[in-house]
Every structure is written in C-alpha cells, then in structure tokens.
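Visitor: Below, each chain spelled out in residue letters.
Number of protein chains: 2
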Amino acid sequence: MSITVVGSIAYDAVETPFGVRERMLGGAATHFALAASLLDEVRLVGPVGDDFGDGDLAVLQTRGSNIDDVERIAGGKTFFWSGRYGWDLNTRETLDTQLNVFEHFAPKLSQASQDCDALFLANIQPGLQLQVREQCRAARFVALDSMNLWIDIARDELLEVIGRVDCLMLNDEELRQLTGKPNLISAAREILNGAPHAPSVVVAKQGEYGSALVTADDFFALPAYPLHEVVDPTGAGDSFAGGFVGFIASQIDGGVTTAVLRNAMAYGTAIASFNVERFGTEGLENVDVAAIRGRVSDLYDFAHFDPIAVELKA
Amino acid sequence: MSITVVGSIAYDAVETPFGVRERMLGGAATHFALAASLLDEVRLVGPVGDDFGDGDLAVLQTRGSNIDDVERIAGGKTFFWSGRYGWDLNTRETLDTQLNVFEHFAPKLSQASQDCDALFLANIQPGLQLQVREQCRAARFVALDSMNLWIDIARDELLEVIGRVDCLMLNDEELRQLTGKPNLISAAREILNGAPHAPSVVVAKQGEYGSALVTADDFFALPAYPLHEVVDPTGAGDSFAGGFVGFIASQIDGGVTTAVLRNAMAYGTAIASFNVERFGTEGLENVDVAAIRGRVSDLYDFAHFDPIAVELKA
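Residue numbers (the numbering used here), protein chains in the order written: chain A, 14 to 327; chain B, 14 to 327.
With the rest of the complex left out, here is chain A (with noise of 0.2 angstroms):
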C-alpha cells in the first residue's frame, strides 16, 4: 500500500531544557514520513529552499520515502519555526514562524501521489488541503490535522475539509475551541455527527497523556509511552500519526476495523516515544524496529488488568 502525506518540510530552532538546536530539519510531513515509513511506502507532497541541503533530502528518504513532489522552490528559503519549551515541555512559545516558500504553495502531486491507499494532511491551509483531498479520490482512509489558527481564520473551509475526511487528528484544545463543547466525548460526537458528511473517527492528542480515539460506537484511550526523559517533543504529534496512519494503511485491505486502529494507535504511540528522546529527526532516524515491538508490547501491558471478582454493597 501506500502513504501521500502533503505538509510542511521546515528547518527548526528549538529550546528545551535539554538543549538548543539552532537549524535542524523539522515540519510535519518530515516527522510523519520517518514514522510511517516504518509501516508502509510514503510519497512526501511539500516545498524547500534553495536552501535545503541534500543530507536533509536523504533524511527525508529514510526507508525508501519518495522524494519526487518534493519541490525545490528557486530562489526560495525553506519554511522556518522557532520556539521554546517550558521546564515541563507542557507549555510551548513560538519565537519566530518564517512561512518563507510556503506562502505561495500549491500542491501538485503527481500522478503517483495521487493513486495512494491513504492520505495524511498534515496541518496546513484547509483550502490547500482540500485540493489536495480532491486529487487524491482513491484513497481508502484520509487522516487531517489542523491547528486554532485555521479555526479562528479559515473555519468555514475547515469544516468543508473536515467533512470529506475519514479521521480527524487534532488535539484537547483544539476540538474544544472548534467544536464549542467543553468535554472530550460531546466534542467528538459533536464531529462525528456532521451534517452533510463527517470524519468516522477522531482521535484527541493529549500531549504527555497520550491519546484517545473515538468513533460512533468505540471509545479507546492509551496513556503515552512513560519516558524517563522526554528531550524534544517537537513532531510527536506527526510522528504519532505517521505511525496511525502507517499502520491503518498496511492493514487497508482487511478494512479499517476497531481492532486496527486500536493497534495503529498503540503503534503511533510507541514510534512518537522514540521520536521525542532525541532532537528533531534523530530518534526515528535510525530506530531499532525490535524496541519498536517491545514498546508495543508494553502499551498493551500498560493499560491491561486482569479482572478480580469482588462483592458490592448496594
């Protein structure tokens, strides 16, 4: 099977009370493609720089991902983010977004990247990213990120968006604020009830809490991995969906059943934990598919109890 994720390719200035990387790649569909390509064939959809340097391309390449619509803009620079974490790495300031060569991009997939099996959007315009939904009529599961700012500008193109997906990613805050409800369920209900055609699952992003998944009749929730030292979580989000979306996508042709995404999100869960131990692309760089396992393994071992028999006193 195979992936198209359309999204942004950036380089990062990060802080955290780990360290300071001044320049290193980042951006969603960089974060995504290194996640899911350990599940599945990944064609990556973005603009760079004259600027982009060819080691930060064979990054991108990581497991055998296509490189072909990645756009080489001349004369331009390569979307740029900076910020700073907090002692906890619960709270992020933004210092600097530069849109640089993303401000004017228009997706253009190929013909290959359009015949993909499953399509992540990651968190761009919602006007970009129904052209690009538009184009890509065979894929068999859509995922979409999305962030406040595009509910607080573009929230009508939003919800048009929102409607043609399968799987809407986003996290607490931002389903709170785009739906007006104030609890993760009535949220979610809220989505999966939309009028004239809704996403059939959601998935709410809680950070250092994990993740819960919600459809019209599954509710499932995963704690995050327990790191002892979380360095940079930079990309978590996208390398946890890169790892859901790879996972669904490996499984598409026995259908998308509660049993596979269950698992997708145990395998998104456990691909993000590498992903935040190391700076920016260095934890799924070179990732050891057995710890992988063995993480899995102990997600499954985490949530788990063998029920004991007790009496009750009404």
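Do not rely on the hints blindly, as some may be mistaken.
Identical copies go unnamed one by one, so any copy, or any two together, can satisfy a pair.
Said to hold, decoys possible - Once the Cα atoms are required to be at most 16 angstroms apart in a straight line, the calculated EDC-like pairs of lysine to aspartate or glutamate come out as:
id, residue 1, residue 2
1, Lys90, Asp67
2, Lys194, Glu221
3, Lys121, Glu203
4, Lys121, Asp82
5, Lys194, Asp266
6, Lys194, Glu116
7, Lys194, Asp319
8, Lys121, Asp81
9, Lys121, Glu147
10, Lys90, Asp165
11, Lys194, Asp301
12, Lys194, Glu28
13, Lys326, Asp82
14, Lys121, Glu84
15, Lys121, Glu106
16, Lys326, Glu298
17, Lys326, Asp301
18, Lys326, Asp266
19, Lys194, Asp101
20, Lys90, Glu242
21, Lys194, Glu242
22, Lys90, Glu221
23, Lys90, Glu203
24, Lys194, Asp230
25, Lys90, Asp64
To be clear, the hints were calculated from the coordinates, so they are not data collected in a lab.
Position chain B against the provided structure of chain A, taking the given hints into account.
Guide: Below, chain B alone, put in the same frame as chain A:
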C-alpha cells in the same frame, strides 16, 4: 476488613457550568467514605460543628459506615469551602475556605478505628497525618493525599509522613512540585527511592485524563471514564481514592499484588465517574452496583487491544 479515613467533612458551595449549590455536604472523608463503603467497612474520623445536620450524619453512614469518631465540636462551625469551576471544568478557583472546627482539630481515634486494616490519610496538615499514622500500627495498607499548600509550608513534616505510608496519591502538578522533577516517571522514581523509608506505590491523579500508577517494577494507566457530561468534579480524587483503597482493603489478606493494584485503579476510576455525574454526594449515595461493574468492564475494554502482527521496515 476495615478502613479508617481521617479528613475533612465539610459544607461546600460550588458553581459549575451545570449549576450552583449554595451549601451541600462535601469534604474529602465524606467522598472517600461514600466510595470505599461500596467495597468494605469504613470508619470516618473528623470534626463537624453544631451546624452539622442529622440528615448529613445519615449520609455519612451510607452503606453502614461508622461515625463514632465523627466529633461534634460544641460551639463550632463545620469546615466550609467554596469554589467555582471553569467552562471545561479543568480550572478551579477557590472562592473561600473557612477552617472553622478544623483549625484546632486533633484527631482522636477509638480503638476500633486504630485497629483498621487499611488507612486513608486524606489531605490535612501533615503533622496530624503523622499522629494518625502512628496510632494505626496494624494497618497493612496506608495511602496519603496532600496538596500544594503543605508542600509549600510543611514540607519536612510531609516528607516524614510520606516515608511512613505505602501509597502516595497526588496530582501531577503536586508530584512535580514535591520532587522538582518535571516528568511523572522521574518524579515517581524520586519518591519510590526516598530514604530512609519510602512508599512502594505512587498514584498520579490526572483529572480528565485518568490516573497512572508507578511502582518499582510496574507502570499502569487508565483513562478517566468517558462521560458526556461531568456535572461537578468536586470529590473526584477522594472518591477515586475510596474505590482504590476500598478494593485493596477487600483483598488485603491475599497481599497487595500488581493485579490487586490494577483492579483497584479500575474500581477507583469507575466509582469516581459516578461521583462527578451529579453534584456533591448525590452520585454515590444511591449508586447501582451493577452499573459500577459495567463501567469497570468498560474500562477493561477501553484500554485493551488484541495485538495484530505487522512487518516493520528496518
């Protein structure tokens, strides 16, 4: 088996998006007892004032809980707390705290309360917790809650009593504040390795995200029970503790095994979900035990997946 709980019995004034209550029965010991009494025999220890109603005394005795050590202070007024919750119930503002009879409270335990098998030291001044701990020498499982105030102003006493209990139950922020460690696992390890004595179990209360349990060789996490509507979160942590300690007490002759701890987390989570669905004590006064069993069973399912084997690319 029998459980003694020492802590506040209070009147609460609460404002949530779902309504206002000017004066209703509350307090940590109250919420704990209503939960733990579903699973075992409970004895409450705490002071009330002349203003404490007979109807409220009857509520404390729900499911046979013993109130011989609920001391009515002549001329005193019952502890009063007033608070307002934000739109999404994740923020809480304390509007008023009147210690009243709690100001000069010195716990007096009858022999029966001292002879408990399990003890819960709800959030009160750590010096008092220590006095109670020393009176209950036969207790085979002792759990303790505290708060930011005591970490600030009575840190040494708090550390001393923490060293004398089996289980520390705090929220994430309190765990960070107590240990100076930014992350749950490192904070929990700091506590579990405390010298010269340390608890063997740390439970992190995570509000809408549920709870996590850390021991020297185990990690376990459960989401909060997914509800469409949380009406009043007051007492969520204490009713969770009641279900948790109540389950452990009911199984104490078999030892506090990993399986017991994990089931205790599930019972605590399920029982707390009934607490927050209604105002004050309403949710647990008349609760359907079959519904509790149903939610424990749901929790098993919500966090469980049947592993699907998949290829990973190296």
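Visitor: Decide, hint by hint, whether the structure agrees.
Guide: Consistency of the hints with the structure:
no.: 1; hint: Lys90 to Asp67; in the structure: within (15 angstroms within a copy, 75 angstroms between copies)
no.: 2; hint: Lys194 to Glu221; in the structure: between (22 angstroms within a copy, 14 angstroms between copies)
no.: 3; hint: Lys121 to Glu203; in the structure: neither (33 angstroms within a copy, 52 angstroms between copies)
no.: 4; hint: Lys121 to Asp82; in the structure: within (7 angstroms within a copy, 75 angstroms between copies)
no.: 5; hint: Lys194 to Asp266; in the structure: neither (35 angstroms within a copy, 46 angstroms between copies)
no.: 6; hint: Lys194 to Glu116; in the structure: neither (32 angstroms within a copy, 41 angstroms between copies)
no.: 7; hint: Lys194 to Asp319; in the structure: neither (35 angstroms within a copy, 32 angstroms between copies)
no.: 8; hint: Lys121 to Asp81; in the structure: within (11 angstroms within a copy, 77 angstroms between copies)
no.: 9; hint: Lys121 to Glu147; in the structure: within (12 angstroms within a copy, 73 angstroms between copies)
no.: 10; hint: Lys90 to Asp165; in the structure: neither (27 angstroms within a copy, 50 angstroms between copies)
no.: 11; hint: Lys194 to Asp301; in the structure: neither (41 angstroms within a copy, 28 angstroms between copies)
no.: 12; hint: Lys194 to Glu28; in the structure: neither (33 angstroms within a copy, 18 angstroms between copies)
no.: 13; hint: Lys326 to Asp82; in the structure: neither (64 angstroms within a copy, 22 angstroms between copies)
no.: 14; hint: Lys121 to Glu84; in the structure: within (9 angstroms within a copy, 76 angstroms between copies)
no.: 15; hint: Lys121 to Glu106; in the structure: neither (32 angstroms within a copy, 51 angstroms between copies)
no.: 16; hint: Lys326 to Glu298; in the structure: between (55 angstroms within a copy, 12 angstroms between copies)
no.: 17; hint: Lys326 to Asp301; in the structure: between (50 angstroms within a copy, 10 angstroms between copies)
no.: 18; hint: Lys326 to Asp266; in the structure: neither (49 angstroms within a copy, 19 angstroms between copies)
no.: 19; hint: Lys194 to Asp101; in the structure: between (27 angstroms within a copy, 8 angstroms between copies)
no.: 20; hint: Lys90 to Glu242; in the structure: neither (34 angstroms within a copy, 48 angstroms between copies)
no.: 21; hint: Lys194 to Glu242; in the structure: between (34 angstroms within a copy, 10 angstroms between copies)
no.: 22; hint: Lys90 to Glu221; in the structure: neither (33 angstroms within a copy, 42 angstroms between copies)
no.: 23; hint: Lys90 to Glu203; in the structure: neither (40 angstroms within a copy, 46 angstroms between copies)
no.: 24; hint: Lys194 to Asp230; in the structure: neither (19 angstroms within a copy, 39 angstroms between copies)
no.: 25; hint: Lys90 to Asp64; in the structure: within (6 angstroms within a copy, 72 angstroms between copies)
Comparing the model with each numbered hint stated earlier shows that hints 3, 5, 6, 7, 10, 11, 12, 13, 15, 18, 20, 22, 23 and 24 do not hold.
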